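Take these sequences, add in the hints, and give me the full structure.
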Amino acid sequence: AVVSTQSTGSSSFHKVLSAVKRGKYPESLFKSVMDEYFMANTTISRTVFSATIDALNAYEREQGVSLVPSGIWLDESGVLGASIKALHPDGVTMVDVRCLVKDGDLDTLITKGTQFHLYRGEDGDVVVRRGHRVWDKIQGSMHLSGRVACDVVTFSNGEIINVTRVPRDEAWSQNLEILRTFYADRLFPRLCAKWGYENVLCDLNRLGDK
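Residue 275 in the numbering used here sits at position 13 of the sequence shown; the count goes up by one each step and never skips.
FYI, nobody ran anything at the bench for these hints, they're computed from the structure. Predicted model only: the values in this text are computed from it and were never measured. One or more hints might be untrue.
Stated by the list, open to error - When the alpha-carbon atoms are kept at most 20 Å apart in a straight line, the in silico EDC-like pairs for lysine to aspartate or glutamate are as follows:
#, residue 1, residue 2
1, K283, E439
2, K347, E384
3, K456, E289
4, K347, E324
5, K374, E384
6, K286, D413
7, K347, D337
8, K293, E421
9, K286, E384
10, K364, D431
11, K347, D447
12, K364, E421
13, K283, E460
14, K277, D447
15, K347, D316
16, K277, D387
17, K456, E439
18, K277, E289
19, K277, E439
20, K277, D337
21, K347, E289
Unchecked claim - Okay, the calculated beta carbon distance ranges per label pair:
#, residue 1, residue 2, range
22, R427, D369, 32 to 38 Å
23, R382, S339, 34 to 40 Å
24, I315, L368, 19 to 25 Å
25, S312, A411, 39 to 45 Å
26, G326, L368, 21 to 27 Å
27, R427, D447, 31 to 37 Å
28, D447, V330, 19 to 25 Å
29, N424, R284, 42 to 48 Å
C-beta atoms are modelled at their ideal positions from N, C-alpha and C, and glycine is treated no differently.
In structure tokens form, the structure reads like this:
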């Protein structure tokens, strides 16, 4: 709970980076970053969690591997975090699951354009769309966890419809400093206003000791 409220999680990286690029910071951005929208809808939270577990179990069966359970990864500052459900036993790959709210076959979903995280390249291969929120999430997660690849598992209607391996983009690391600056200049004051300066510092110090 501390990481989801007192630090900026990888699920919010795309929204923050887009806001910084535009130079506009709406109130909805801060509510989203502090997980207020998602955590308030506990039904969605439970449904996604259950589907994610099913997807990871299916991945293990199809790939013939036993995944390593993971958790929260923080950068050295303690203000950026990534929640990673599982790591591949090869020691260099993480696994990210995309559970679709609306079911559909892969080719139909791809035709939705930029709203969908996957697209088919000129060579016919299915890849993760750069500029999509999933891209920034997995890149941030790889950089924070030290992994060099991510298997993006797309799960729909109780089955895996696609697995795409994405390599770490080393150039993406420049975004980490942008995200830290956002936290210090814009998010930290709001956290202090909501929970109190001493409480926020206490939580950050506790994270730094782990």
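Quiz item: Has the given pair, K347 with D337, been kept, meaning a C-alpha gap of at most 20 Å?
Solution: holds, 17 Å
Exercise. Can you let me know if the beta-carbon spacing of G326 and L368 is within 21 to 27 Å?
Key: holds, 22 Å
Practice problem: With a cut-off of 20 Å on the C-alpha distance, tell me whether K277 and D447 pass. | Solution: holds, 16 Å
Exercise. Take a look at whether the Cβ-Cβ distance between R427 and D447 falls inside 31 to 37 Å.
Key: Once the Cβ atoms are compared, 36 Å apart, the range 31 to 37 Å for D447 and R427 holds.
Quiz item: Is the straight-line distance between the alpha-carbon of K456 and that of E289 20 Å or less?
Solution: holds, 14 Å
Quiz item: Does the alpha-carbon distance linking K347 and D447 stay inside the 20 Å limit?
Solution: violated, 30 Å
Self-check item: Restraint status (C-alpha distance of K286 to D413 at most 20 Å)
Solution: violated, 33 Å
Quiz prompt | K364 paired with E421 [C-alpha distance capped at 20 Å] | solution = holds, 13 Å
Self-check item: Given hint E384 paired with K347 - CA-CA distance at most 20 Å
Solution: Outside the cut-off at roughly 32 Å; violated.
Self-check item: Restraint check for K286 with E384, where alpha carbons must lie at most 20 Å apart
Solution: violated, 35 Å
Quiz item: Is it true that the C-beta distance of N424 to R284 lies inside 42 to 48 Å, as the hint says?
Solution: violated, 31 Å
Practice problem: Would you check the hint for K277 and E439, treating anything up to 20 Å between C-alpha atoms as holding? | Solution: holds, 15 Å
This entry does not satisfy hints 2, 6, 8, 9, 10, 11, 13, 16, 17, 21, 22, 25, 28 and 29, going by the numbered hints stated previously.
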